[in-house]
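Enquirer: Chain by chain, the residues run as shown.
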Amino acid sequence: MICCKECIELLHDYLDGELSPEIEASLEEHFADCPPCIAFVNTYKSTTRLCKDTLKSNDIPDTVKSRLKEFVDKNKNT
Amino acid sequence: MGFSDSTKDKVTEKQLVKDLQAGEMGSFEQLANLYHEKIYSLTFNLTRNAMDAQDVTQEVLLILFRKGHTFQGKSAFSSWVYRITLNASYMKLRSRKREPNVSIDDLLPSFNKAGFQQEKIQDWSESTESLLVNNEIRKVIQKAVDLLPDKEKVVFILRDVEGLSTEKVGNILELTIPAVKSRLHRARLFLRKKLAAYFGEFKTRKESK
Chain Z
475 MICCKECIEL
485 LHDYLDGELS
495 PEIEASLEEH
505 FADCPPCIAF
515 VNTYKSTTRL
525 CKDTLKSNDI
535 PDTVKSRLKE
545 FVDKNKNT
Chain C
157 MGFSDSTKDK
167 VTEKQLVKDL
177 QAGEMGSFEQ
187 LANLYHEKIY
197 SLTFNLTRNA
207 MDAQDVTQEV
217 LLILFRKGHT
227 FQGKSAFSSW
237 VYRITLNASY
247 MKLRSRKREP
257 NVSIDDLLPS
267 FNKAGFQQEK
277 IQDWSESTES
287 LLVNNEIRKV
297 IQKAVDLLPD
307 KEKVVFILRD
317 VEGLSTEKVG
327 NILELTIPAV
337 KSRLHRARLF
347 LRKKLAAYFG
357 EFKTRKESK
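Read top to bottom, the protein sequences are chains Z and C. Counting from 475, one number per residue, gives the positions in the first sequence under my numbering. Counting from 157, one number per residue, gives the positions in the second sequence under my numbering.
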């Protein structure tokens, strides 16, 4: 059976569905018997989701938006 | 959202880029509409400073305006824009004093000789399911990302935050696919550990109430 270290090294490819069926099955066999790894996978996924939700919401402030618009208008007319 | 309704992108980006290459500047405004938010968001995540993000966005738009006709089309136009944005952001960062990055290796998981996890792993994922990202968590995440070494940070932002494909990120940064995957994985491990420290504490605080 593969160990936690190998599972965690393969986690990126596992979550992207890029492992061969045999290796994927070995990982799942390990997970079935290893609550710490299940906790690790769950929190790894939560980390990705939370970071994305937090950092994706960088809306441009309206003042900056209007400054950029002025900037584009000025340039396109030169 | 674009600058104005009149500039909705009816023409494909490919055509707009062709026009820009041919020196037809009418396409500039539409390309600026398509890209200014992406440029701003990437720069803001790298610099964490609204003023810097605004400066860099203007600078990149100016390069598109002045040098768009020199774009040779060897890689995708978007890759070119991202590369210019990264260079301009790094120039900006060089002019600022920054906190030193911590060693990423100190925050990677540790294993015993048999390859089993040594630390106690708490599963705090459920406490994040219904969680709205509040200011406290936002700050924790921003601080953790700011501490990432540059090599891992840029891959993480392009891939996980901006949602670009592994291939595209490799193309922009001139990295192999395994290198992109490895840096992204290291970044996620680092951030997971930082969040674990926060949520572990959060859980303890909740339980003691």
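Do not take every clue at face value.
As the list claims (entries may be wrong) - With a Cα cut of at most 16 Å, we get these calculated EDC-like pairs of lysine to aspartate or glutamate: (1) K194/C - D175/C; (2) K269/C - E480/Z; (3) K543/Z - D279/C; (4) K539/Z - D211/C.
These are calculated hints, taken from the structure and not from any lab test.
Enquirer: Hints first: check each against the structure and report whether it holds.
Expert: Consistency of the hints with the structure:
1. K194/C - D175/C: The hint is violated at about 21 Å.
2. K269/C - E480/Z: holds, 12 Å
3. K543/Z - D279/C: Violated, because 46 Å separates the two Cα atoms, which is more than 16 Å.
4. K539/Z - D211/C: Given that 16 Å is the threshold and the Cα spacing comes to 12 Å, the pair holds.
Of the numbered hints given earlier, the model fails hints 1, 3; all others are met.
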